[in-house]
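Fit chain B with the ligands to the given chain A structure using the hints.
Going down the list, the sequences are from chains A and B.
Start counting the first sequence at 1; every next residue gets the next number (our numbering).
Start counting the second sequence at 436; every next residue gets the next number (our numbering).
The set of hints was computed from the structure by calculation and includes no laboratory data.
Please read these numbers as outputs of a predicted model, since none were measured by experiment.
Check each hint, because a few of them may be wrong.
Stated by the list, open to error - Part of the chain A face toward chain B, derived, beta carbon under 10 Å:
hint, residue
1, L5
2, A59
3, F61
4, S87
5, C92
6, R126
7, L136
8, C173
9, Y186
10, S246
11, H277
12, A317
Ideal Cβ placement from N, Cα and C applies to all residues, glycine included.
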Amino acid sequence: MSFRLTPVLTASWGSERSWTLAAYEATGGYQALRTALGMSPDAVLQLVKDSGLRGRGGAGFPTGAKWGFIPQGDGKPHYLVVNADESEPGTCKDIPLLMATPHTLIEGAIIAAYAIRAHYAFIYVRGEVLHVIRRLLRAVEEARGAGYIGRNILDSGFDLELTVHIGAGAYICGEETALLESLEGYRGQPRLRPPFPAISGLYGCPTVINNVETIASVPAIVSGGVEWYRSMGTEKSPGFKIYSLSGHVARPGQYEAPLGITLRELLDAAGGMREGHELKFWTPGGSSTPLFTAAHLDVPLDFEGPPAHGSMLGTTALQIFDETTCVVRAVKRWCEFYAHESCGKCTPCREGTFWYVQIFDRLERGLGTAEDIETLLDLSDNILGRAFCALGDGATSPVTSSIQYFRDEYIAHYEQGGCPFDPVASTVFAGAGVS
Amino acid sequence: MSGATDGLPSTPGAQQGSAPLVVFDPRLGPATAAEDPLSPDARQRVRERAAEVIARYPRPRSALMPLLYLVQAEQGYVSADGIRLVAEILGLTTAEVAAVVTFYTMYRRRPCGAYVVGVCTNTLCAILGGDAIFQALQDHLGIGNGETTEDGMVTLEHIECNAACDYAPVVMVNWEFFDNQTVESARELVDRLRAGDPPMPTRGAPLKTHTEVSRILAGFPDDLADVGPSAGPASLAGLELARRRGESAPPRPGASS
Ligand SMILES: Cc1cc2nc3c(=O)[nH]c(=O)nc-3n(C[C@H](O)[C@H](O)[C@H](O)COP(=O)(O)O)c2cc1C
Ligand code: SF4
Ligand code: FES
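Just chain A, with the same shape it has in the complex:
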């Protein structure tokens, strides 16, 4: 299969005043909403099921199935919550989408709420992105002013309230049940599942939580139809996806392509590695997905490809590092992140991530021993599968995968009494053009 880029979500990011309602409507915006409101909620749900759309927040759960879990005729309020917390290290697709075309998300949210018969929707956006928040708040006001939000939307009889909830700095609030706690005004600590949010979510009511990119894909699916959507991607992973390339590549950025594209093809699009350097390791989908190396250049980046090779598609956040980068340093920093962001609720994650940092500190200062590597693996065994939520599991990914592929580099740290790498060489301003 030969690939090409397929900008759909990103197609108007560069247009004049793309964030405004006028610009969005000029390119057919809110037509999908009209189409959807002309269908029954169940028909919209079936369309999304048939499209095969899968969640873009990391786990790839089928979106239509998730919506279908919401009990109907139960007499309880239903809620839609859009997860715009985007904080997984490396992930940088939802925030530019909200900056450039917030109406794509809002239109998708209205359609999704209609399909699950929710009359209240929330967008939970991380707080550290001021201008994105301005644009999002403005877009919601514009949509309300145009009658797309509120009572009797477009004369359909459908009512919807939409509130933007602004976070306050906590990676764990991206985890869906911690997010709900936060939205209810509590510390953002995960809840026990089951019951799943579809049964008992916000305020104990049936709730759908979806990622920004998932919901933003819905208007295109409604307007393009199932066959069109499935003409991109693979059988089990249909559609288009925003791949975020960062690090030591010639042209980092957002590349929207069909699911199943490979890093080799994406690197070709991004102009290759920075001049004179070669690929060493990369994350296929954020820091919580086990590292890959140059051996994985041809793994199809769909929901099936990376798991067949010991990793995950995650958020398609490809953080790409060249041979100047010390993998121990990289992983240590991620460990510090997880230790800082651990919510403290469960022992394996709270204590395990703390000890990760202590051991990496020793290793980096050249004071480690062979035993430290075994202790890291042992700690990882005690976190993975025993943590209360996926933050703990994710924290083990960079540790175990880096030891798997680069054990020699760990050994070099204690044999040579410190880090064998020059940190200056891996900066973007290193010797300007030295190769």
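Chain B with the ligands in isolation, oriented as in the chain A frame:
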């Protein structure tokens, strides 16, 4: 934010009446309500806006986070008196409110500078130059992580991934993006902040002070949404390449183009 380091939110019995409420965070040291009460005007403003915030939600307690931003917009940080006010408004105990304040890093527990400069030192930015930038700024300003320059203009801290890795290394000032920084550009940035001549963010609007920003984060935006670009160059990298190569998604059925 770290559960492991959250201190005891309040002294026993401090919830009622006007006993001094001690909020302790081992990272920040104690702050006492008596030192910095909200002015009557400030209380009034928060109460007036509170009704509007509460109306956004099906249940009042959901308004807790925006209310904390409103308090922060008055004092520059969330004081113990601010905690007490929010508790009063929502009918919660101060312990319940303090537990939330201590969980989230964007609620400040003591005064900070007019500009909070956050250098991303998560792995990707760190390796591409964030560590060098953070070190250089500490040396240049003579302050450490979380500290404020004597003129009260700049608080320096390191931050986690801010969803802009394709613009690494990234520096945030009052949560506006300064993309693709170098040691030199970051030094010049803080010099200009201290000189009262703040530069424009790469993708954003003219900088507001930290207190003004807190009001926006409470959901009361200014009118600057239309300022700035729709996207930076990295966000458009794929789109522009697709255009150059003549690639696109297949046409939608019935679409004219
Ligand atoms: C620690 C942690 C952080 C997460 N952060 C996010 C996030 O920022 N955005 C997101 O959409 N999903 C995040 N998730 C995944 C959510 O829990 C949830 O699976 C997702 O929002 C579901 O949306 P989807 O079905 O559309 O993928 C996170 C999960 C964990 C464990
Ligand atoms: S795994 Fe970590 S983040 Fe998740 S509940 Fe346990 S301590 Fe909290
Ligand atoms: S690592 Fe710095 S913005 Fe993502």
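Comparing the hints with the structure gives:
1. Hint on L5 (chain A) holds. Least Cβ distance to chain B is approximately 4 Å, under the 10 Å limit.
2. Checking A59 (chain A) against chain B by beta carbon gives a least distance of about 19 Å; that is not within 10 Å, so the hint is violated.
3. Proximity of F61 (chain A) to chain B is violated relative to the hint, the smallest CB-CB distance being about 22 Å (cut-off 10 Å).
4. Proximity of S87 (chain A) to chain B holds as hinted, the smallest CB-CB distance being about 7 Å (cut-off 10 Å).
5. This hint holds: C92 (chain A) has a C-beta 5 Å from the nearest C-beta of chain B, less than the 10 Å allowed.
6. The beta carbon of R126 (chain A) comes within 7 Å of a beta carbon in chain B, closer than 10 Å, and the hint placing it at the interface holds.
7. With 10 Å as the threshold, the beta carbon of L136 (chain A) comes within range of chain B, its nearest partner Cβ sitting at about 9 Å, so the hint holds.
8. Among the interface hints, the one on C173 (chain A) holds; its C-beta lies about 8 Å from the nearest C-beta in chain B, closer than the 10 Å criterion.
9. For Y186 (chain A), the interface hint holds, the least distance from its beta-carbon to any beta-carbon of chain B being 7 Å, beneath 10 Å.
10. This hint holds: S246 (chain A) has a C-beta 4 Å from the nearest C-beta of chain B, less than the 10 Å allowed.
11. With 10 Å as the threshold, the beta carbon of H277 (chain A) stays out of range of chain B, its nearest partner Cβ sitting at about 13 Å, so the hint is violated.
12. Annotation: interface hint on A317 (chain A) holds; nearest CB of chain B at approximately 7 Å, less than 10 Å.
Hint compliance for this structure: hints 2, 3, 11 are broken, all remaining hints hold.
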